[in-house]
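Engineer: As a plain string of letters, each chain reads:
There are 2 protein chains.
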Amino acid sequence: MAVGLGPMSTLHPVPGFELGIASAGIKRPGRKDIVVMRCAEGSTVAGVFTTNAFCAAPVILARKRFLGPVRYLLTNTGNANAGTGEPGLANATRTCAKLAELAGVPENAVLPYSTGVIGEPLPVEKIEAALPAALANLSVDNWADAAAGIMTTDTLPKGASRQFQHDGVTITVTGISKGAGMIKPNMATMLGYIATDAKVAQGVLQDLLRDASNKSFNRITIDGDTSTNDCCMLVATGQAALPEITAATGALFAALKQAVLDVSMELAQAIVRDGEGATKFVTVQVNGGATHQECLDVGYAVSHSPLIKTALFASDPNWGRILAAVGRAGVPDLDVSLIDVFLDDVAIASRGCRATSYTEDQGAKVMAQEEITIRIDLGRGTCSETIWTTDLSHEYVKINAEYRT
Amino acid sequence: MAVGLGPMSTLHPVPGFELGIASAGIKRPGRKDIVVMRCAEGSTVAGVFTTNAFCAAPVILARKRFLGPVRYLLTNTGNANAGTGEPGLANATRTCAKLAELAGVPENAVLPYSTGVIGEPLPVEKIEAALPAALANLSVDNWADAAAGIMTTDTLPKGASRQFQHDGVTITVTGISKGAGMIKPNMATMLGYIATDAKVAQGVLQDLLRDASNKSFNRITIDGDTSTNDCCMLVATGQAALPEITAATGALFAALKQAVLDVSMELAQAIVRDGEGATKFVTVQVNGGATHQECLDVGYAVSHSPLIKTALFASDPNWGRILAAVGRAGVPDLDVSLIDVFLDDVAIASRGCRATSYTEDQGAKVMAQEEITIRIDLGRGTCSETIWTTDLSHEYVKINAEYRT
Chain A
27 MAVGLGPMST LHPVPGFELG IASAGIKRPG RKDIVVMRCA EGSTVAGVFT TNAFCAAPVI
87 LARKRFLGPV RYLLTNTGNA NAGTGEPGLA NATRTCAKLA ELAGVPENAV LPYSTGVIGE
147 PLPVEKIEAA LPAALANLSV DNWADAAAGI MTTDTLPKGA SRQFQHDGVT ITVTGISKGA
207 GMIKPNMATM LGYIATDAKV AQGVLQDLLR DASNKSFNRI TIDGDTSTND CCMLVATGQA
267 ALPEITAATG ALFAALKQAV LDVSMELAQA IVRDGEGATK FVTVQVNGGA THQECLDVGY
327 AVSHSPLIKT ALFASDPNWG RILAAVGRAG VPDLDVSLID VFLDDVAIAS RGCRATSYTE
387 DQGAKVMAQE EITIRIDLGR GTCSETIWTT DLSHEYVKIN AEYRT
Chain B
27 MAVGLGPMST LHPVPGFELG IASAGIKRPG RKDIVVMRCA EGSTVAGVFT TNAFCAAPVI
87 LARKRFLGPV RYLLTNTGNA NAGTGEPGLA NATRTCAKLA ELAGVPENAV LPYSTGVIGE
147 PLPVEKIEAA LPAALANLSV DNWADAAAGI MTTDTLPKGA SRQFQHDGVT ITVTGISKGA
207 GMIKPNMATM LGYIATDAKV AQGVLQDLLR DASNKSFNRI TIDGDTSTND CCMLVATGQA
267 ALPEITAATG ALFAALKQAV LDVSMELAQA IVRDGEGATK FVTVQVNGGA THQECLDVGY
327 AVSHSPLIKT ALFASDPNWG RILAAVGRAG VPDLDVSLID VFLDDVAIAS RGCRATSYTE
387 DQGAKVMAQE EITIRIDLGR GTCSETIWTT DLSHEYVKIN AEYRT
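Sequence order for the protein chains is A and B. Take any residue in the first sequence, note its place counting from 1, add 26, and you have its number in the numbering used here. Take any residue in the second sequence, note its place counting from 1, add 26, and you have its number in the numbering used here.
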């Protein structure tokens, strides 16, 4: 069902960052459900984590340890190790300790990540038993396999890669992500791993990741549910033969920043394209706001409205539902007589009412597309925000009603 | 599909309040889509209206006129006259003027109500042509027909009635409501009309209605979408042979207040029971909050979560999704280790983790019921709030994807 999401493009290896995949049989025998990532010594790591108060045990641990030094990232699917309290934290700690022991690194150098069903005990023995195979499989060429290995309800693996040159040296930024439901900013049931061979101090790396996340991963929503387990990590291995990149390194910094943003955006949009039951890829663009927050409030009211989402599924240009969602977004002193709404380039509402030029045919034509932009102009300022979302289909209900059965 | 919603009980006539039904052929020929209500001279009227900034033309007009004197309420279904701007307001005004002319009352004494598709021009001629038949049909015995006449996607008419005695005099409170989707507090695509033959000053009546609404209509949600057209009206005709009821009239005031609340609650819950595609009637009770607002925030996060709603549809006790929704509700400094969650009387989460006594069988048994209470104890205060909602089924998607076709 993924909308406009084809095979992954080439995922360039990142020197100093290896990936190993194995099968622990957590949910189904034979399924690849363990991914180990090894960072070269001296790597710096940035991370952004879920804002859900019920954050999972691995999130607690990863957040505590990521300032480093970090050598391994350990991911399992099939079990989120969330809502598991102290025993869950002990289990996460134990799997990391086992990997540390096998790899000969300090326990603190291993960060855990889990995704899957909430509230079930982590199958520690199964995971531990699969670690030697994952370590034996480590290779810089395994990005595509790792993208498949972190999938849950995803229908396709998600990866993105960019390269740029500086002083004859190639810098690579490559990443993978997973997530298809329980997707709402800050963050989603989303795991993202991005690596670069640039050399970047942790503080600078953290700024790069936060900025890129706020424009990409934190601007997507499928169902408004924020997961307990979201993490996005950015690793800089420093293996490229270039000096350290800082905000003062001008063009080089700008190029890296753009590459990280491009990879983040492609990964984030891929999550929406593969949204549970998605048949549409919808860009909700809110312009003319007095504040960024009110643009976001309007954007999310539209993106989360089940009535708009079902109309999108039905390719029905029921623009009244868009006006209704804008009107309930809680924008203070909203003057509805200033609001324009467009479907792609078709003006459907102008100054708060149906546009006089508008015909149902024009609306129906845009709504029939797989990719649609809903553009709302509030006419009260200069702020803009963009959010990406999906429709609400029978398939979404089916997937989520049957997830555990 | 309505959950536990049987035939309406007897709707006692309210002296001084007559209802007339007619067919204007707005959406389908022959369908009853016009309801006129006549209030005896001297009636007082209270009203609560949608908070949606894009409120419909009839809402603007009704809100302006309801302080009275009011003689007629004119309702049409099939067209919401919302998102229609100045021409919409002119159309609403025109239909009221026509009814006023036919009935021989001042134009300001007629209040309009509309529900249906947003953004289409109101078919004024059709409505005007049906008014004489509606007036000819006026009778105090027409509550049940009127309940059917205001339906849109409702599958069953909704009505409730209470009587009580005082000094040998019977006081009646009877009401009807409609609404099945786009339902979220303040208010929903909900129309409600309640009448009593008590004599009550407008200010007192308004307090009674506001209080009852905040415990009933403003605590229900189906899909989180707030309509442009919601109104709930409470009319006091003063025909009962009793002195005026004020807050100082003790037991009599308390009895009327309770009757208005009972009728409001039954009407509000009927809307949820008949929620679009509903297969479950779900009570979300949040206790132990530090503030009422945080109880509401948690209650709505749970009630609106598509993941919880689909799990309810599937009768799947996926309690992890409940924890996740509580965690993302935005409660400041939430200590998850204090939180208990129950499905009816079954403890599913205790102190933030799976309850040790809990078994899937226990949860599955409750989830298989048509009526389920999700009880959340935040363990941080003494405030409580209750919200009523439904599951999210295939039928909901079907109804809303096909509404206009």
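Simulated from the structure, these hints should not be mistaken for lab results. Certain hints may be false.
Note: identical chains are not told apart, hence a pair may lie in one copy or across any two.
The calculated DSS-like cross-link candidates involving lysine-lysine, where the alpha carbons are at most 30 Å apart (straight line), are [to be verified]:
#1 K124 with K391
#2 K152 with K283
#3 K53 with K391
#4 K124 with K283
#5 K283 with K90
#6 K58 with K283
#7 K424 with K391
#8 K241 with K152
Engineer: Would you mind marking each hint as holding or not holding in the structure?
Structural biologist: We went through each hint and held it up to the structure:
Taking CA atoms no more than 30 Å apart as the test, K124 paired with K391 passes in neither setting, with 57 Å inside one copy and 39 Å between copies. For the homomeric pair K152 and K283, neither the shortest alpha-carbon distance inside one copy (39 Å) nor that between copies (62 Å) is at most 30 Å. In this assembly of identical chains, the alpha carbons of K53 and K391 lie at most 30 Å apart only when taken from different copies (24 Å versus 43 Å within one copy). In this assembly of identical chains, K124 and K283 lie within 30 Å of each other by CA distance neither inside one copy nor across copies; the values are 36 Å within and 66 Å between.
When the C-alpha separation of K283 and K90 is checked against a cutoff of 30 Å, the pair qualifies only within one copy, where the shortest distance is 25 Å, while the shortest distance between copies is 55 Å. Taking the shortest alpha-carbon separations for K58 and K283, neither the intra-copy value of 32 Å nor the inter-copy value of 63 Å comes in at or below 30 Å. In this assembly of identical chains, K424 and K391 lie within 30 Å of each other by CA distance both inside one copy and across copies; the values are 28 Å within and 21 Å between. Within a single copy, K241 and K152 get their C-alpha atoms no closer than 38 Å, and across copies no closer than 51 Å, so neither meets the 30 Å cut-off.
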